[in-house]
Amino acid sequence: MKKYFLPSIKLTLLLVLLLAVLYPALIAAVAKLAPGGGKGKTVSVNGKVVGYENVGQQFTADKYFQGRPSAVNYNAAGSAGSNKGASNPDYQKTVQERIDTFLAHNPGIPKEDIPAELVTASGSGLDPDLSPAAALVQVKRVAAVRGISEQKLTALVTEHIQGPLMGIAGPSKVNVLKLNIALDTLK
Amino acid sequence: MNSEITGVIVTFILTLLIAFPLGKYIAKVFQGTPTVTDFMSPLERFIYRFCGIDPQKEMNWKQHMMALLSINLVWLVYAFFVLLFQSHLPLNPDGNPDMTPDLAFNTAISFLVNCNLQHYSGESGLTYLTQLIVITFLQFVSAATGVAAVAVLFRAFAEKTTEKLGNFFVFFIKTITRILLPLSIIMAIILVFNGTPASFDGKDSIVTLQGDSVQVSRGPAAGMIAIKHLGTNGGGWFGANSAHPLENPDYLTNMTEIIAQVILPMALIFAFGFFIRRRKLGYVIFGVMTLGMLTFMIPTLFSEMGGNPALAHMGLKDISAMEGKEVRFGVPASAYWQVMTTIISTGSVNSMHDSSMPLSGAMQMLGMMTNCFYGGKGVGLLNYFIFLIIAVFISGLMVGRTPEFMGRKVEAKEMKIAAIIALFHPFLVLVGTALSSYFAAHHPQIGWAVQPAAWFNNPGHHGFSEMLYEFTSASANNGSGFEGLGDNNIFWNISTGVVMILGRFIPIIGPVAIAGIMAKKKYIPESAGTLQTDTATFGIMTYAVIMIIAALAFFPALTLGPIAEYFQLY
Chain A
163 MKKYFLPSIK LTLLLVLLLA VLYPALIAAV AKLAPGGGKG KTVSVNGKVV GYENVGQQFT
223 ADKYFQGRPS AVNYNAAGSA GSNKGASNPD YQKTVQERID TFLAHNPGIP KEDIPAELVT
283 ASGSGLDPDL SPAAALVQVK RVAAVRGISE QKLTALVTEH IQGPLMGIAG PSKVNVLKLN
343 IALDTLK
Chain B
6 MNSEITGVIV TFILTLLIAF PLGKYIAKVF QGTPTVTDFM SPLERFIYRF CGIDPQKEMN
66 WKQHMMALLS INLVWLVYAF FVLLFQSHLP LNPDGNPDMT PDLAFNTAIS FLVNCNLQHY
126 SGESGLTYLT QLIVITFLQF VSAATGVAAV AVLFRAFAEK TTEKLGNFFV FFIKTITRIL
186 LPLSIIMAII LVFNGTPASF DGKDSIVTLQ GDSVQVSRGP AAGMIAIKHL GTNGGGWFGA
246 NSAHPLENPD YLTNMTEIIA QVILPMALIF AFGFFIRRRK LGYVIFGVMT LGMLTFMIPT
306 LFSEMGGNPA LAHMGLKDIS AMEGKEVRFG VPASAYWQVM TTIISTGSVN SMHDSSMPLS
366 GAMQMLGMMT NCFYGGKGVG LLNYFIFLII AVFISGLMVG RTPEFMGRKV EAKEMKIAAI
426 IALFHPFLVL VGTALSSYFA AHHPQIGWAV QPAAWFNNPG HHGFSEMLYE FTSASANNGS
486 GFEGLGDNNI FWNISTGVVM ILGRFIPIIG PVAIAGIMAK KKYIPESAGT LQTDTATFGI
546 MTYAVIMIIA ALAFFPALTL GPIAEYFQLY
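Just so you know, the protein sequences line up as chains A and B, in that order. In short: position in the first sequence from 1, add 162, done, that's my numbering. In short: position in the second sequence from 1, add 5, done, that's my numbering.
These aren't lab readings, by the way, just hints derived from the structure by calculation. Since this is a predicted model, take the numbers as computed values, not measurements. Each statement offered as a hint is correct.
Only pairs whose alpha carbons sit at most 27 Å apart, straight line, appear in this in silico DSSO-like list of lysine-lysine:
#, chain 1, residue 1, chain 2, residue 2
1, B, K285, B, K526
2, A, K225, B, K322
3, A, K172, B, K169
4, A, K314, A, K225
5, A, K165, B, K67
6, B, K62, A, K165
7, A, K194, B, K208
8, A, K255, B, K322
9, B, K208, A, K210
10, B, K62, A, K164
11, B, K322, A, K273
12, B, K525, A, K165
13, B, K208, A, K203
14, B, K418, B, K526
15, A, K172, B, K67
16, B, K525, A, K164
Required output: the full structure, derived from the provided sequences and hints.
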């Protein structure tokens, strides 16, 4: 076994240099050409950064479209799902409470219209998106709070729907942050 | 057909379209015939010279295993000590602490053995330096170790009667320079152009639109995320792994990541067929593995897309199983990922498996229990080879012929090794789960960092599943988890550490030994009396052997966990 150790140690040194120094440095250099320069794509309002395009953030006020429940309260210094199992009674109680809260804040919306994603926590706790249905179901509330017509808001949501990849693969989605920024500029 | 289903189908077709030519290419790399990556040969020659490796010197199977174990031991010691002292080393912009000894033990083994079980969260448990020089480094070399081991199998059956099976270091280095590194560079570039961070800046502080102050973790993640998938490693940069919106920003990166983790295991099967000049055998193996994949995939798709019946009881019409899933992937792509990542032992997740439906959880566990449908980098084929030898033996007995594979007799010694390896995985999983159940039941208040009573994130059968999943994942070297389990404490760190290291090296040494022993035997040319191993009938036989062994060994445990939960919920 001894005759293999010396080559192994030398090989380890060389490969740490190649794979853990040169390779990440190359990727970091290439990333400078990418949108956001490899630091993540930010979104600004009036020149001030208000968030990352891909990282969901918390919206609690009724005047905003709200994202999904998060096990980490959208604190992006960490990330996690709830890891609750479907049969867990405590979990079912939490979901029931979310349904009740939603109904209280969205008068006029029947219970069966609530999309499941609005009462279940995302995998990362930082889900930046909603499905079109989950955004549209909030139009009535936001319209009432802001005094904007539902028709105008529905159009705004529709405008923000990103379709499936190349039109054929994956779900449609709405980026909640971008939608809310557009909402703030709507008069 | 809706776009979420087509997305899954397109993903699988693209995987095949890439894996097939890649298999041809890998066969050429190991044959040493000219390939497009010959520009790497000066670098390889430099590495051989610097390290004092003679690339012409061929090894027998024992020397291969000695070399493999020696270099792995060097990495283990290196990784353990760097993790232990990481806060004193540079590149720690977020000021993260050292690892405790038991956590460093677990983490070093976990990445050494290509398992990537993580009992820490990347954002707070590692520094940028250790993410790179320990984690990324081990993700490359552990994957290359698996491929170098399976290359011995290739050589053993490509020639008639030989002891010389190539050079371990050559297989290993070429796997990195010709396969893993070029593919990783391409993939990392795709990721950074879709929003995955790659810079060395620390956490960013922002004020959100609503006015909250939050911090956003970042880092040089893209390169690591590329090899994490290509190497079937699976350990995430961020805690939420590939569910994290920076680790996996959109549907395109999701497709890229799931394709990346499947292409090499698939390509190795085709490469085996090309290398030993028996393509048909390669196709039959691929067919059996695909059948195995579908056996788990179809129930998972149905169970996940069926949604959570508990939501229907609360009066919702849309009962999608979105707990632990991300909107940008949706349910079908998450279900597809769950199965693929468990059968190929990647352990990367884009949804939280702990929150998936009971039957899907059972399928994920079965994927790791069989652990050979496509399988991990190199080791999937090695595991499959064990079942193949058992199938040869049983079929031989059934038809009254001497068991033979590829012109060599399968005799008592090989069968003993195969039987031990086939039973070793259930042994590790079930003994581990029994041990943890014992502590949970009889010593719930024992003074560990997390008391056994507080291990579980879910009560009842699901809590048992959390333990069963953890040991299955450790022994299969998968690395995903039912992450609700409170696993960063001395019991789980040490027990899964030991299970991971045994679950890695014993199932590598066993099949390589069988191949080495068989390669030395006298070659008997095929005759009318030879059992044909490249037929559909024999393929079905192998499939049956795999399923019977897995079912008999694991069914009782699955009954206590996910199956019982299923009947509770529905």
